[in-house]
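Colleague: The listed protein sequences correspond, in order, to chains A and B. Final position of the first sequence in UniProt numbering is 147; the numbers increase by one with none missing. Final position of the second sequence in UniProt numbering is 148; the numbers increase by one with none missing.
Treat the hints with care, since some could be wrong.
According to the in silico footprint, chain A covers these stretches of chain B (three or more CB under 8 Å from chain A) [as the list claims (entries may be wrong)]:
| # | segment |
| --- | --- |
| 1 | 92-105 |
| 2 | 126-139 |
With a straight-line Cα cutoff of 30 Å, these simulated DSS-like cross-link-like pairs (lysine-lysine) come out [to be verified]:
| # | chain 1 | residue 1 | chain 2 | residue 2 |
| --- | --- | --- | --- | --- |
| 3 | A | K66 | B | K83 |
| 4 | B | K83 | A | K118 |
| 5 | A | K118 | B | K118 |
| 6 | B | K18 | A | K60 |
| 7 | B | K18 | A | K18 |
| 8 | B | K18 | A | K63 |
| 9 | B | K118 | A | K18 |
| 10 | B | K105 | A | K133 |
| 11 | A | K118 | B | K18 |
| 12 | B | K96 | B | K18 |
Keep in mind the hints are simulated off the structure, nothing from the lab. None of these values were measured; they are calculated from a predicted model. We put the beta carbon where it would ideally sit given N, CA and C, even for glycine.
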Amino acid sequence: MVEWSASERNTIANVWGKINVDEIGPQALARVLIVYPWTQRYFGTFGNLSSAAAIQGNPKVAKHGKTVLNALEKAVKNLDDIKGTYFQLSQLHCEKLNVDPDNFRLLADCLTIVIATKFGPAFNPAVQATWQKLLSVVVSALTSGYF
Amino acid sequence: MVEWTDAERTAILGLWGKLNIDEIGPLALSRCLIVYPWTQRYFSTFGNLSSPAAIMGNPKVAAHGRTVMGGLERAIKNMDNIKATYSALSVMHSEKLHVDPDNFKLLADCITVCAAMKFGPAGFNADIQEAWQKFLSVVVSALCRQYH
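One chain only, chain A, in its complex shape (with noise of 0.2 Å):
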């Protein structure tokens, strides 16, 4: 099981408290459809992905965004049990959606930028530490319904 210690519970409260989930959601997942854009193909139906502007403006990517963050924080309230939490999510984007597991790192990678790049140098090296301690166990969590 993965410990965290009071300073590491302290950080992710701290930084989730000041995430606006309907701005941070909509930016990183459209940064992962611009940067990576290979990931696109899970969304045909989405609209008009043609371009970076596109993207950013589709109400589609913005609502889905939400909804990714949104659940992001069961894991922020539910810090020692991520994957117990996370198991029928994990199912559904293997069995349903078909989601390549590597993708949940992009949309990881993104969502720390898009942090680093509203947070600043509060975004120093021990929060960063924590907050990618966070995501991974997110993303193994995510990934262990697998196989």
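Given chain A's structure and the hints, the job is docking chain B onto it.
Modeller: Leaving out everything else, chain B in the frame of chain A:
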């Protein structure tokens, strides 16, 4: 051979032009040693790496961070031939320094995070991120090239 669009060249060179390599080099390398602590194994002669504060204040880390960015500048100046530019550096990292090539990506990620922190959402927008990450992945690939 890697193809760069005009927009990508502009984004990469524009970003590079705004970077202070003496500032970002030390920040990125110390971040790497803190966020991915196993990388400290390569720097046992660097003295005190026992805490984030020690790492961020360590002059050898800072000097080496600047060295690394100087190496990156060679890729910036030779974007159409990064593979050849880094051939000797790649051999050195493999045969002399024995650096696990996975670590190149970790340092690249830390450089990216530092750039994102410095330039914010407008200065490090999605298009610039795409171009910059493409550039760094070409650099990482060139550094891995001579390993086997």
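Colleague: So, for every hint listed, does it hold in this structure?
Modeller: Verification of the hints:
1. With 0 residues bearing a CB less than 8 Å from a CB of chain A, the segment 92-105 of chain B misses the requirement of three and the coverage assertion fails.
2. Chain A is given as covering the segment 126-139 of chain B, and this holds because 5 residues of the stretch bring a CB closer than 8 Å to a CB of that chain, at least three being needed.
3. Distance hint between K66 of chain A and K83 of chain B is unfulfilled; the C-alpha atoms sit about 40 Å from each other, more than 30 Å.
4. With a C-alpha separation of about 34 Å, the suggested pairing of K83 of chain B with K118 of chain A is violated against the 30 Å cut-off.
5. With a C-alpha separation of about 10 Å, the suggested pairing of K118 of chain A with K118 of chain B holds against the 30 Å cut-off.
6. Between K18 of chain B and K60 of chain A the CA atoms are separated by roughly 34 Å; this puts the pair beyond 30 Å, and the hint is violated.
7. Distance restraint check for K18 of chain B and K18 of chain A: the Cα-Cα separation of roughly 28 Å lies within the 30 Å cut-off, and the hinted pair is therefore satisfied.
8. A hinted pair counts as satisfied when its Cα atoms are at most 30 Å apart, and K18 of chain B with K63 of chain A does not qualify at roughly 34 Å.
9. About 19 Å separates the Cα atoms of K118 of chain B and K18 of chain A, which keeps this hinted pair within 30 Å; it holds.
10. Of the pairs offered as hints, the one joining K105 of chain B and K133 of chain A holds, with about 17 Å between alpha carbons and a cut-off of 30 Å not exceeded.
11. Our distance criterion of 30 Å between C-alpha atoms is met by K118 of chain A and K18 of chain B, whose separation comes to about 19 Å.
12. A C-alpha spacing of about 33 Å is found between K96 of chain B and K18 of chain B, which places the hinted pair above 30 Å, so the restraint is violated.
Going through the hint list in order, the structure does not satisfy hints 1, 3, 4, 6, 8 and 12.
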